[in-house]
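Colleague: One-letter residues, chain by chain:
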Amino acid sequence: MSTESNSIPGGSGHHSPPPSSGGHAHAQDHGHSQSQGGLEAVIPVSASTAAAAIAHPHDQSHSHDHDHGHTHEQKEQTEFTRRFFLFLEMTVLLLWSVAMVWFYASGRIDKYLVGDGTFRIQVLIAGLALAVLGWFNWSMRALNAGCGHDHSHDNHDHDHSHAGAEGGGCGHNHDHGHGHKHGDGCEHAHGAKTVAAVGSACCGHGEGPSDKDNTGCGHNHDHDHDHGHAHSPGIPHSHEGTVSGRAMGLVLLAFSVTASVALTPDDFSDAYKKNMLTAYASQPAGSQAMPEAIKVKRDTTGGGKGGGLTLEQVEKVQPRNKDGNFEMDVMQLYYSGSDPEYAKVMKGQGVEVIGQIVHDSTNPAPNRWRIFVLQVTCCAADARPYSVPVEFTDPVPDGLKEMAWYKLTGKVDYTVEKNGGASVLRATGAQPALRPRDQRTLF
Amino acid sequence: MSLPAPSPALDPIFAFLSILLEGIPFILLGSIISGIIDAWLPSGAMDRLLPKRALPAILVSGLLGIIFPVCECAIVPVIRRLVQKGLPLGCAMTYMLAAPIVNPIVALSTWTAFTGRDPMLMMSARVGQGYIIAVVAGLIFSRFAASSILKPAVLAGIRPKPALGETSGAGAGTGIAPAAKRPFSESLVQATKTAQRDFLDTAVYFVIGVAIASILKTQVFYRPSLQEGMAMVAGNHWISGPVLMLMAFVLSLCSTTDAFIIAADNLFSVAAKLAFLVFGPMLDLKLLFLYSTVLKPKALAWFSVGLFLTVYLAGFGTEAIWPWLKLHFG
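These protein sequence lines are chains L and D, in that order. Numbering (our numbering) for the first sequence: 1 to 443. Numbering (our numbering) for the second sequence: 1 to 330.
Hints should not be assumed to be uniformly reliable.
Unchecked claim - Some chain L residues near chain D, calculated using beta-carbon distances under 10 Å:
id	residue
1	89
2	92
3	120
4	123
5	129
6	280
What the hints assert, rightly or not - A few chain L residues that don't get close to chain D, going by computed Cβ distances all over 12 Å:
id	residue
7	84
8	329
9	341
10	405
Unchecked claim - Ranges of calculated distance between the beta carbons of each label pair, as one might list FRET restraints:
id	chain 1	residue 1	chain 2	residue 2	range
11	D	112	L	402	31 to 39 Å
12	L	416	D	120	26 to 34 Å
13	L	364	D	232	15 to 23 Å
Note that these hints are calculated values from the structure, not bench results. Glycine included, C-beta positions come from ideal geometry on N, C-alpha and C.
Bound conformation, chain L alone (with noise of 0.2 Å):
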């Protein structure tokens, strides 16, 4: 426990200031504004600004005049470094989306996620979409400098009705009961609720847009300051749409894809495979129930007397081999002695099961050895071997290569744990195998 409460503070505290924005043009507008310079002259004077907003909603050149000298040449930055991160922000999604779509398409994302479900093709559908959300906006980047109607539309859309749709966004800076309408958004800037003043506030948060609209925003300017203001009363402010920070941000995304698409050995290392092994070696399959989807099925006409499973029954659904072996994997190998019917039928009979082998580290013996695959639920990260012992009878076939895959022939046991029955391979034989093309076993 006291891990968990010391990781948190850790955890968090580490990210404070967080690398990118809060998720909205808002704040990084805002960040943006701020991180010009230009604010620290004006903030004083924005308090006294608002009010005369909200005093003479109509007299908007007066505010306007006021600081167009510091915004001109801030403005064109701020454009400049929005633009900038619009093609940053591109080029991130545009190398998210040729790592997945490559994955998908090249087949190695058979390595990382299982064929059940949708995984696969969700990876090359969240591909494409990336491409298609990163190359939208920035072709879009003309309409989205908007003079604020990304969060404020609320407060704006009345005007919108005669805004065009290009780059029109900024035509309703001309309107006087536009004005109006951030008066009152003011007002409540000054009112008590500082949530309700901090969210209303946002109604000038749009940064400049494009060039030509210069002359129609120096009324957003004029909010650009109220809303600096708003932020000052009780909320403190927040520096999560810096530019450092969200540069760290797509810094960090570009990096992560990056290198481990270019490390990744899309598997894990035999040792790693060990250490699992050995964590779930001690693990029988005991008394669990077989998971349904590897049941043996069985044909229920005609069973033996007082219902019991047969041979007969269990050779009509799991047809011998030309070797007069069954042939099973290693699942079903390690669930059937949960099934006490199945193993009294079985045990004793000869099978053929494909599998990697290592050395038993349970039993040092040198003709212990075991049998495992590696099951996947979702994605490799999840995988769990599965794992049954194998006791070779004769003598230890030459050059066996641990973490190979073989096919071994054998006798199937069962021994008694203190769980219910295990099953253990009374192995005659090893030839070399290729790995089986399973859905749910990755490696």
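Given the coordinates of chain L, work out where chain D should sit on it, guided by the hints.
Modeller: Showing chain D alone in chain L's frame:
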């Protein structure tokens, strides 16, 4: 092109990439939903759909996952947006915590994973306990001012609710209806812009959380000494629950997957497994980082400690009535 040879040093990278490929589509989905909400859902709409009084509203919020099943990665950007659209804090937190557990997909996967080991009981216990804890957490959150819980950036995006008198006026002149008046293209641009911003934001934290989880999992978790230690305490009535909760925290599994991972384990008790299944979807490494896009560090720390203790204690309660449950529902 030849791949690097597998080695212990590269294990975290393989694990990292596999979780990323699994999770990123859901983060994108959540971000797109967030963008759509931002562009088209009128401010305060959620508020009006929910019951007026706080308790019933929170009780209903805990069940929203049944209608909108979202897993824990996808829900964080959605919640952030809903809060900004005026969904009360208590309701939002309840939905966020409950949805990854109280949802049909997770219920079904829990059922399937526990086939042959009281599936009905395990599923109901998980869903029931998850729901109750989410509601309790929501009630506690609703006692606090949003400004002391939410990050400034999230707070700043909260729209003012329309004044009381205006809401009844068919939306005329208020902030309710105009979204419909706006040209579609404009809303679309706003939606994609928000979706992109939210995706990038959330992905940054997701990447950090997943990276740490991958390192811990591949470099620490399966160390034989640690595993022996875990096997040793597995039978301990008092410690086994927290051990599995810690495991859920580190492994950062998806809530649709975790049941399969733990069900096949036969060292730990049912109560400990239940703690694993309830705690994991509400808080793990990746979620810790994802939540930090919504909650203030201090609020997040208190929440984490509180949740840990609550799930731990709730486990004993469930354990106490387990025989009774088994008798009647098993």
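Colleague: Each of the hints needs a verdict: does it hold here or not?
Modeller: Evaluated hints:
1. 89: holds (6 Å)
2. 92: Nearest chain D Cβ about 7 Å off; hint holds.
3. 120: holds (9 Å)
4. 123: For residue 123(L), the interface hint holds, since the closest Cβ of chain D sits about 5 Å away, which is under 10 Å.
5. 129: With Cβ-Cβ at 6 Å, under 10 Å, it holds.
6. 280: holds (9 Å)
7. 84: holds (15 Å)
8. 329: holds (16 Å)
9. 341: About 14 Å separates residue 341(L) from the closest Cβ of chain D, which puts it past 12 Å; holds.
10. 405: It holds; residue 405(L) is separated from chain D by about 15 Å at its closest Cβ, greater than 12 Å.
11. 112(D) with 402(L): 31 to 39 Å: holds (34 Å)
12. 416(L) with 120(D): 26 to 34 Å: holds (30 Å)
13. 364(L) with 232(D): 15 to 23 Å: holds (22 Å)
Of the numbered hints stated above, none is contradicted by the structure.
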